[in-house]
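Trainee: Spelled out, the chains give:
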Amino acid sequence: MVADQTAPVLELEGVRKAFGSVVALADGTLTVYPGSVHALVGENGAGKSTLIKIVAGLHKRDAGTFRFRSKDAQFSSTADAKDAGIAVIYQEPTLFPDLSVTENIFMGRQPVTRGRRIDKQAMVEEAQRIFDRLGVNLDPRRPAQGLSIADQQIIEIAKAISLDAHLLIMDEPTAALSGMEVERLFAVTRSLRDEGRGIVFISHRFDEVFDLSDTITVMRDGSYIGTVKTQETSNDELVTMMVGREVTELFPKTPAEIGDVVLDVEDLNQAGTFHEVSFTVRAGEIVGLAGLVGAGRSEIARAVFGVDPYDSGTVRLNGRTIPKNKPTAAIEAGMALIPEDRRQQGLILESSVAHNIGAAIRSRLQKLGLITRSSENHAAEPWAGRLQVKTAAMSMNAGTMSGGNQQKVAIAKWLATDPKLLIIDEPTRGIDVGTKSEVHRLLSQLAGEGLAILMISSELPEVLGMADRVLVVSEGRITAELDRSEATPEKVMHAATARHEQIREGAAA
Amino acid sequence: MSAPVTSTEALAKPSQMSTAQRFVKEILASREMAIVLVILAVIAAATSLNQNFLLSSQGWRDLLLTPSILMVLAIGSAIVIVTRNVDLSVGSTLAITAYMTGRLFIDFPGIPIPVVILIGIAVGAGLGLVNGVLVAFGKVPALVVTLGTMYIYRGVVLTWAGSDRINASDMPREFLRLGTMQIGTIPLLTITAVLVLLGAAYWLNSTRSGREMYAIGSNPEAATLYGLPTTKRIIVAFVIGGALAGLAGVMYAARYGTVSAGAGMTWELNAIGAAVIGGVAIFGGSGTVWGAALGAVLLMTINRTLPIMGVPDFWQRAVVGALIIGAIVLDRYLAARQTRKLQEARDET
Chain A
1 MVADQTAPVL ELEGVRKAFG SVVALADGTL TVYPGSVHAL VGENGAGKST LIKIVAGLHK
61 RDAGTFRFRS KDAQFSSTAD AKDAGIAVIY QEPTLFPDLS VTENIFMGRQ PVTRGRRIDK
121 QAMVEEAQRI FDRLGVNLDP RRPAQGLSIA DQQIIEIAKA ISLDAHLLIM DEPTAALSGM
181 EVERLFAVTR SLRDEGRGIV FISHRFDEVF DLSDTITVMR DGSYIGTVKT QETSNDELVT
241 MMVGREVTEL FPKTPAEIGD VVLDVEDLNQ AGTFHEVSFT VRAGEIVGLA GLVGAGRSEI
301 ARAVFGVDPY DSGTVRLNGR TIPKNKPTAA IEAGMALIPE DRRQQGLILE SSVAHNIGAA
361 IRSRLQKLGL ITRSSENHAA EPWAGRLQVK TAAMSMNAGT MSGGNQQKVA IAKWLATDPK
421 LLIIDEPTRG IDVGTKSEVH RLLSQLAGEG LAILMISSEL PEVLGMADRV LVVSEGRITA
481 ELDRSEATPE KVMHAATARH EQIREGAAA
Chain B
1 MSAPVTSTEA LAKPSQMSTA QRFVKEILAS REMAIVLVIL AVIAAATSLN QNFLLSSQGW
61 RDLLLTPSIL MVLAIGSAIV IVTRNVDLSV GSTLAITAYM TGRLFIDFPG IPIPVVILIG
121 IAVGAGLGLV NGVLVAFGKV PALVVTLGTM YIYRGVVLTW AGSDRINASD MPREFLRLGT
181 MQIGTIPLLT ITAVLVLLGA AYWLNSTRSG REMYAIGSNP EAATLYGLPT TKRIIVAFVI
241 GGALAGLAGV MYAARYGTVS AGAGMTWELN AIGAAVIGGV AIFGGSGTVW GAALGAVLLM
301 TINRTLPIMG VPDFWQRAVV GALIIGAIVL DRYLAARQTR KLQEARDET
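These protein sequences, in sequence, are chains A and B. Per my numbering, the first sequence starts with residue 1, numbered consecutively. Per my numbering, the second sequence starts with residue 1, numbered consecutively.
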């Protein structure tokens, strides 16, 4: 038993994986001990996800050793890995929308009684116990459909806990969470660690890596770079290991000349989603929309853009009232929206880069009702070049690109329409450090050219670093408006959680 | 066994209702209940025009007997559709097993009836297996595969039977009696269909493999990540669908006595229509076999009611079409309303 405690739970050495001629993982090396939180960091495309998928049984390795609990492992399916005691929380929640929350947690290993009948009562009670432990108020009987990404992530975590796994792998679990939710997740992670489980934690947020992990392994370009003790390293050292160079400016915000009001939103209401929302965005200004996930920030943006309806209120762009629920009118007036979920809403993954960039200006590209590939390529090239989209050819499929490059293509698509207002939802979610600052530099540059930018972000440093003005949304209401000079993390978090705290205090009293 | 008392506080909000209360409430608010009400309304309307529709022993018998074969087919279709697939070949499968039933009695005089029934089911399952293997391993969309096998299976029975047909006199009287026999006032074929329904409902609702059918249909990618045996389950769905079509073929022979090569033509569409009317989502993941079976009852009952009301042929078909479209529109509306409700609930908590 004692020997077990000191033996590593997971050992990978020189693991290699190639897809066709592309080597996704050249040298995967990782040793995780029980009772430890091991952070795995590296830029996008460093091979972290491939490594995880090999451990999870989704891919088969081409070469190298893979030992799990001191035994050679060769998983041929995710079921094998799961049976061996490996739980994986993927970056994008993968749930069954039609099934209940409880069924999502226990699918494939429901408790059964005689006659192979599923014991539904026991299942619901167990789910409720896990939710109590996580401190979340989620009805285990409701369908998974319509849950926020944060809640979906909670279900993924509950699933992993119910598995009682020896090794828990979390691939950017906090990407969609903020504030309290992250704290809660960390508390649970620590208690799982103290139970003697091994935990692998992937994150792009350094503050979280330092907060949670005790060991850090860095990867770059599909290879192992090094493993360090968290206490003995620094932010700068990690960044240097990751990118092989110093990242000088994370938030290269340059002051821009603030012009006239471009967007004027007045008293926008939508029952059950947001209430009495009024704000303005000026030319050359970046306005940050901060708040917890699910506070209604994306919903407000979607309503302004006309994708979602609203009950009352007005949206004006350059003084002209924009009719509600008409995205085409909004685009014509000069609005652009880059959604949070670019894989599903921002890009056509099966299409080429040129096709994607050309998509928003299709009506301008057509000649006699036809669009030629050359006219598309011609229109797309300057934008792709300007954003340094790393793509061999314009004809490459967007789906095969890294997250950072996908985001750049999504931005390019809308810049081609020559917008007056750019609404961008979580601009750097799931993007590596190097590309992040490129996206930030680009936004700053665009503001400098007189574009009005409304930026939604759950990452506080990003909001505080980039925005000229910060609007904090809590439960569908704007609870604070802070100027760049007066915005501090404490003030923003306080406004974002204001009503939560009141409710909790009321319940405790 | 039961939850510790300390956790009741946390449980208070989500589960205020007892299990029994929730059960009753769920049934009353269910999609299936709506179809029951429509069926009752149709029966009431038909009976008010012609009392014999319900209130004669013949009328009562027909009411129960007519939908029984389609019920079995619709249950099979629902199982396949739940996994985000579809089986267009069940009508042709029915024709093969129905014709084969007659041939078995002619070619092997004295063959025991239970053996014939089992052979029918087994052949149906085998034909379903072909579909399942092509869909699951060939990664070809079920619509294409089963459209192909629909023609192939129909071609088989056309070649085999030619212009020949099985007549009632070719089959033993005991077998034909099964088609009309009643236990109490309930026809045996109806009892068979209900037993199939109970079995399928238990399986889909209360066993791991049954729930996995829904999971696979709801999100196939997630099913793979969960490590569910997707390939096996899809094959099983087609095998069961085929086996039920085989059983339906035997029932067809017993009920009608005459079988030609054209038997069961377009029944696959009726079965899919019944499932959709019954609330089985065509893209998989939701719906129940109860709904599909009730959909079959509604479809067949309306088919018998419209002539009584003096509705011309064209309109009879149009009504079925309108029912299917109406059911889908209703489902979309209810889904949109539920999504909105769930979102509002998220705001309030």
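A few of these clues could be false.
[Unchecked claim] Derived CB-CB ranges, DEER-like: (1) S278(A) with A41(B): 23 to 33 Å; (2) D132(A) with R317(B): 25 to 35 Å; (3) I186(B) with D119(A): 28 to 38 Å; (4) G115(A) with T185(B): 29 to 39 Å; (5) L330(B) with S485(A): 48 to 58 Å; (6) S18(B) with S148(A): 27 to 37 Å; (7) D132(A) with R332(B): 31 to 41 Å; (8) E490(A) with L37(B): 55 to 65 Å; (9) S148(A) with R337(B): 33 to 43 Å; (10) K139(B) with K326(A): 35 to 45 Å; (11) A18(A) with L342(B): 23 to 33 Å; (12) P489(A) with K139(B): 44 to 54 Å; (13) G115(A) with L334(B): 30 to 40 Å.
[Claimed, not checked] For lysine-lysine, the following DSS-like pairs were computed, each having C-alpha atoms within a straight-line distance of at most 27 Å: (14) K60(A) with K341(B); (15) K229(A) with K25(B); (16) K120(A) with K139(B); (17) K326(A) with K232(B).
Just so you know, these hints were derived from the structure itself, not from any lab. Only a predicted model underlies this, so the values are computations on that prediction, with no experimental measurement involved. Every residue, glycine too, gets a C-beta built ideally from N, C-alpha and C.
Trainee: Of the hints stated earlier, which fail here?
Mentor: 1, 2, 9, 11, 14, 15, 16, 17
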